[in-house]
Amino acid sequence: MRAALFVTCVNDALYPRTGIAVVRLLERLGVAVDFPAAQSCCGQPQYNSGYRRESEPLLRRTAEAFAGYPYVVTPSGSCAAMVRCHYPRIGRAAEREGRGPGLSALAEELVPRVYELTEFLVDVLGVTDVGAYFPHTVTYHPSCHGLRGLGLGERPRRLLSAVRGLDLVELPGAQECCGFGGTFAVKNPDVSAAMGTDKAASAVGTGAEVLCGADNSCLAHLDGILRRRGADTRTLHLAEILASTEEEPLT
Amino acid sequence: MSGTFMGMPGMPGMPGMPERSDRPDAPELPATPALPDFPAFPDAARQAVGDPVLRANLRRATHTIRDKRARAVAELADWDRLRAAGKAIKDHTLRHLDRYLVQLEEAVTAAGGTVHWAADADEANRIVTGLVLATGHREVVKVKSMATQEIGLNEALEAAGIAAYETDLAELIVQLGHDRPSHILVPAIHRNRAEIREIFAAEMGRRGRPAPEGLGDDPRELAEAARLHLREKFLRAKVAVSGANFMVAETGTMVVFESEGNGRMCLTLPETLISVVGIEKVVPTFRDLEVFLQTLPRSSTAERMNPYTTMWTGLGPSRGADDDGPSAFHLVLLDNGRTDTLADEVGRQALRCIRCSACLNVCPVYERAGGHAYGSVYPGPIGAVLSPQLRGTGSAIDASLPYASTLCGACYEVCPVAIDIPEVLVHLRERVAQGGPVTREGIRVRIRPARGHTAERAAMRAARLLLDRPGALRAGERLLARARRLRPRRLPGPGRAWTDSRELPQLPAQSFRDWWARERGDRA
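Protein chains in written order, with my numbering: chain X, 1 to 251; chain H, 1 to 524.
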């Protein structure tokens with residue numbers, strides 16, 4: 001099986017370890033991974049901030065970069081939700097306003113092929129035990145786009161529960177937003193920090209060594225708060241935990 | 001329902017009635033904020049975020065209601081279908097609003113009522129003030145109503161020498177405290193009982209029957225003080241002003257859902273009843289109430305059914321009805337930006353709102369910022385989409401409201417009429433950031449972007465240009481990697497908003513793109 005990795009711009013520039021982990025994980029599970037270099041950003045920052053037209057070229061770029069791949073896998077619920085929930089809408093609006101011929105078709109054609117990592121593992125590959133080993137206490141924050149946008153449900157926690165050595169502890173108020181929200185973090189810094197501080201305190205309160213998530217942008221926000229407060233809890237992307245094995249443990 | 005209620009639905013010691021605590025420097029808020037000067041949401045929210053008592057009150061209140069709501073909703077196996085039905089009824093009505101409003105007017109008139117049409121707040125206030133003055137009375141009792149708050153009716157009446165008395169307990173607390181409501185359902189959510197005791201002791205005597213000597217802050221005592229104070233109003237008032245939760249087009253019936261029974265007193269005792277209702281409140285048939293009688297109470301108070309549902313059609317005794325009901329009934333149909341909102345294909349769904357406030361109670365932003373920060377009688381997620389549509393995006397507060405959300409989607413999930421609030425927020429952000437076509441007073445106009453977005457627009461465009469060129473993107477990432485040893489703790493400019501409370505992410509030595517090219521480049 002062959003799949004294209006949609007690494008996303010945040011992971012590409014700031015969290016390459018997540019992308020590397022996805023490659024290792026998928027290859028270990030027998031998937032041939034491609035990285036189409038023409039990809040960049042899904043356009044979510046533009047779209048969500050009210051610059052819909054600026055997101056159109058990025059929609060086109062993303063759709064064209066992944067043309068022909070039956071599976072496009074991304075370690076970001078947020079970017080997957082952008083494609084699935086908003087691309088068709090952006091495409092239709094662009095065509096209605098006389099721009100972007102074919103954009104709507106490109107969007108519709110891409111949507112069913114895009115999978116968030118845990119969806120791909122559970123739904124396509126049909127695995128919950130990915131053979132990982134991670135002997136630590138972990139708590140999981142389901143980011144809003146994964147939780148409500150994609151409806152990932154129990155998939156991430158089922159995957160984590162099957163990791164050998166891993167002790168999964170419940171995060172109180174897990175379903176509540178962490179307060180990142182893209183540009184919200186800088187447009188409404190006080191509310192954003194208050195939300196993040198509460199979330200970080202919940203994570204610390206579980207006693208977990210690791211706060212795990214499936215979206216590095218939320219984790220960047222929470223990690224920034226945890227480090228500023230000198231907390232011992234560290235953040236890790238789910239993919240890195242799933243990629244970790246006894247032979248090649250996460251360093 | 002407990003024996004003691006304080007304007008809050010069935011939750012003793014809860015919303016609006018938090019534990020005693022001291023807030024020595026709680027700010028005095030103006031009765032009616034001058035909106036053009038109202039600060040933008042981030043500035044207004046800062047104050048609330050920095051008030052630990054307010055935050056604790058809000059947190060306890062919203063979490064209790066949200067948990068109860070979830071349980072109440074889970075009891076109904078057909079919730080999703082009820083939600084879809086509510087959405088469909090509202091959408092259908094809005095699509096044929098002209099027809100249903102005319103039908104409503106005919107039905108109300110046939111039942112002996114008089115229908116008035118008000119294009120905006122000023123006109124509605126003028127109509128109501130004129131109607132009250134014509135009765136010769138100078139006092140009105142009021143049923144809790146969002147529409148009359150929206151238009152600032154109390155202030156308009158006071159200016160005309162008419163005293164308007166709120167009879168909903170929480171609204172009474174807000175009114176006596178010269179305060180503003182901060183929640184749709186629980187307007188005094190931000191007040192604790194020590195504060196309420198002080199307000200009652202200091203203010204009740206100035207507006208009627210004083211609070212009893214030695215009033216304590218036990219909820220039961222406070223409720224009794226309010227009951228005595230209000231009873232005097234109910235028995236004396238000849239004119240009542242209300243809103244309505246629904247208006248039934250086929251029968252001309254007005255419907256009010258409430259918890260305390262004071263609404264029913266206002267609707268049955270006075271001689272003249274004046275109802276100010278937004279035009280979006282109409283439903284076609286009596287049968288349609290079947291859906292909302294189930295979804296509204298569960299969504300708002302987490303009750304299977306609200307304690308009082310009052311329905312009235314036209315006149316009372318003078319039309320041969322039993323003993324009670326008004327002998328004069330006026331319905332003021334309020335537009336105030338609603339038909340303009342209806343003209344917007346994406347934004348019009350906000351008019352489906354049945355004011356249940358479930359979205360407030362699940363919103364993590366509302367929970368931290370409190371209701372006052374929204375600069376409107378409609379706070380929370382629904383306020384963030386409703387206010388900038390009803391009022392336009394011209395003021396600082398209205399231009400900032402579409403950004404007062406992380407788009408987490410919790411509001412959409414709980415909305416009993418499935419308003420996709422995040423979708424409308426993004427749509428309104430586009431209007432603020434880039435301008436575009438809107439309808440104002442029935443005329444299609446093109447508005448310019450709101451002020452202060454020039455730099456952001458340039459940054460978004462620059463980001464897109466970079467992101468649309470993978471070669472440039474890769475070069476940029478390399479530049480970033482080289483800067484990794486700088487590790488600033490504070491960023492200048494807009495970045496400061498991040499580093500004020502968070503560390504920056506540690507920059508990697510190489511991008512994923514570079515790693516791939518080096519390790520697996522042969523397969524790219």
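Some hints could be false.
Unchecked claim - Straight-line C-alpha distance at most 25 Å; calculated SDA-like pairs for lysine to any residue:
(1) X:187 - H:68
(2) H:68 - X:175
(3) H:87 - X:168
(4) X:187 - H:436
(5) X:187 - H:504
(6) H:87 - H:105
(7) H:87 - H:344
(8) X:187 - H:87
(9) X:187 - H:105
(10) X:187 - H:445
Claimed, not checked - Now the stretches of chain X that chain H is said to cover, found in silico as 3 or more residues with beta-carbon under 8 Å:
(11) 40-46
(12) 194-205
Simulated from the structure, these hints should not be mistaken for lab results.
In this text, all values refer to a predicted model and were calculated from it rather than measured experimentally.
Don't be surprised by glycine CBs; every beta carbon is placed ideally from N, CA and C.
A quick look at each hint next to the structure:
no., hint, result
1, X:187 - H:68, "violated, 32 Å"
2, H:68 - X:175, "holds, 16 Å"
3, H:87 - X:168, "violated, 40 Å"
4, X:187 - H:436, "holds, 22 Å"
5, X:187 - H:504, "holds, 17 Å"
6, H:87 - H:105, "holds, 24 Å"
7, H:87 - H:344, "holds, 17 Å"
8, X:187 - H:87, "violated, 32 Å"
9, X:187 - H:105, "violated, 46 Å"
10, X:187 - H:445, "violated, 28 Å"
11, 40-46, "holds (count 5)"
12, 194-205, "holds (count 4)"
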